[in-house]
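Numbering (my numbering), first residue to last: 224 to 605.
Just so you know, these hints were derived from the structure itself, not from any lab.
Just so you know, even glycine gets a beta-carbon here, dropped at the ideal spot from N, CA and C.
One or more of the hints may lead you astray.
Claimed, not checked - Heads up, simulated BS3-like pairs for lysine-lysine below, C-alpha to C-alpha not over 25 Å straight-line:
1. Lys482 with Lys351
2. Lys493 with Lys287
3. Lys493 with Lys397
4. Lys397 with Lys351
5. Lys367 with Lys351
What the hints assert, rightly or not - Computed Cβ-Cβ distance ranges for the label pairs, DEER-style:
6. Leu402 with His323: 46 to 52 Å
7. Arg426 with Ala586: 50 to 56 Å
8. Arg599 with Asp378: 30 to 36 Å
9. His321 with Ala411: 52 to 58 Å
10. Asp446 with Thr407: 21 to 27 Å
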Amino acid sequence: MAVRSRRYTIEHAVDVLRQIADPALAQEWDNVGLIAGDVQARCRGIVLCIDMTAAVIDEAVAAKGDFIVAYHPPIFKPVKRLVAHSRETDALVLRALHHHMHIYAMHTALDAAEGGTNDVIAGLCGIKQAEPFEDVPAEPSQAKVVVFVPPDEVDRVAEAMFAAGAGRIGDYEKCSFRLRGTGTFFGAEGTDPTIGQRGRLERVDEIRLEAVVAVESLAKVLDAARRAHCYEEPAVDVYPLNASRMRPGIGRVGALPRKTTLAHLAERLKNAVGAPTVQIVGRKSLPVRRVAVCVGSAGRLPDQSPRMRDCDAIVTGEISHHDALYWHRRRTARGTGFGAIALGHWHSERPVLDSVRRRFRTALPGLPIKISREDRDPFTAV
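Could you put the whole structure together from the sequences, leaning on the hints where they help?
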């Protein structure tokens with residue numbers, strides 16, 4: 224990995240990761256995004272893995288990489304201390320920080336993202352048109368900021384907001400709307416009005432200045448507007464912009480190119496993901512045409528989706544004993560038997576890393592990036 228790269232920062236890499244899998248796609252209970260690091264620091268190389276183990280950290284150090292992108296979050300629950308030689312992941316985080324590593328986790332954001340973990344496994348099944356278990360309302364990605372400004376000050380405040388990231392619509396910049404009106408205020412004791420006097424009702428000529436802003440830039444824009452404003456207490460409104468957009472949820476459902484059997488599909492996937500063994504629930508000869516995919520540990524969650532009604536089988540990573548019994552008892556909408564395929568938790572998630580690497584190479588040419596060879600399934604077949 225010790226190849227001269229262009230001068231990219233961690234922020235450049237994080238921006239690419241957000242494009243690959245927006246953290247807003249993650250489940251509410253998850254911990255995704257930049258776990259540790261400095262976005263302004265230089266990024267010298269990236270190592271991709273499913274689990275950030277000690278061996279992966281040592282591999283990154285040897286390769287002179289300084290940004291570990293893990294699928295599973297190394298910090299999942301609140302951490303009260305970072306102690307070396309701990310059996311928990313806090314020791315791994317401390318080890319990574321000791322080597323000045325930056326850490327990012329993708330997890331369920333990548334599960335829901337287009338081209339993510341579930342889409343990759345769906346593709347290996349042969350599914351051409353996959354849809355999520357359900358579409359969910361998208362979080363507002365933009366807001367409208369409204370500031371009330373004296374006419375002589377409006378350009379100065381607007382330019383400060385623009386410089387902080389407001390007013391961008393497509394390829395257009397410095398977009399705003401301005402409406403003249405009358406503002407009123409009554410300054411109580413202790414105030415120091417820029418216009419008028421405290422202790423009496425004032426009416427002032429003002430401009431209603433509006434501009435859209437990306438949610439991630441909202442704090443910077445609000446700070447810039449207040450700093451540039453001449454008022455002691457500027458009136459600022461923020462309106463989330465709900466565009467009634469839907470985004471894909473987790474899981475995928477789709478039809479195979481042709482009908483096959485549960486055993487044949489399991490064997491095909493076993494070879495595709497490189498698993499030493501896979502497990503199935505149901506008859507080997509069970510006919511399968513429509514499949515649900517949920518990498519990792521699906522549990523019984525997929526059965527809550529109406530799009531599962533016509534599925535013949537589910538492909539996941541691991542299945543508990545009682546969930547296996549549940550899937551074994553399940554019947555399709557046609558009253559026929561149902562099947563399940565467990566590829567192994569790690570093996571169901573690992574294939575997506577090659578796709579992530581390709582997208583990084585396209586977005587940040589010249590930046591060294593590798594898939595960890597030390598990242599391994601913790602289970603060994605005997």
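Please work out if Lys493 and Lys287 have their alpha carbons no farther apart than 25 Å. Roughly 34 Å separates the two Cα atoms, so the pair is violated.
Please check whether Asp446 and Thr407 have a Cβ separation lying inside 21 to 27 Å. 26 Å, holds
Confirm or reject the claim that Leu402 and His323 have a C-beta distance inside 46 to 52 Å. 51 Å, holds
When you check the alpha-carbon spacing of Lys367 and Lys351, does it fall within 25 Å? 39 Å, violated
50 to 56 Å as the expected CB spacing between Ala586 and Arg426, which holds or is violated: Since the Cβ atoms of Arg426 and Ala586 sit about 53 Å apart, the hinted range of 50 to 56 Å holds.
Need the status of pair Lys482, Lys351: alpha-carbon distance at most 25 Å? 14 Å, holds
Is Lys397 within 25 Å of Lys351, Cα to Cα? 42 Å, violated
Against the range 30 to 36 Å, how does the distance between the Cβ atoms of Arg599 and Asp378 compare: consistent or not? 60 Å, violated
Verify the proposed pairing of Lys493 with Lys397, using a straight-line Cα cut of 25 Å. 54 Å, violated
At the C-beta level, are His321 and Ala411 separated by a distance inside 52 to 58 Å? Hint holds: Cβ distance 54 Å, inside 52 to 58 Å.
This entry does not satisfy hints 2, 3, 4, 5 and 8, going by the numbered hints stated previously.
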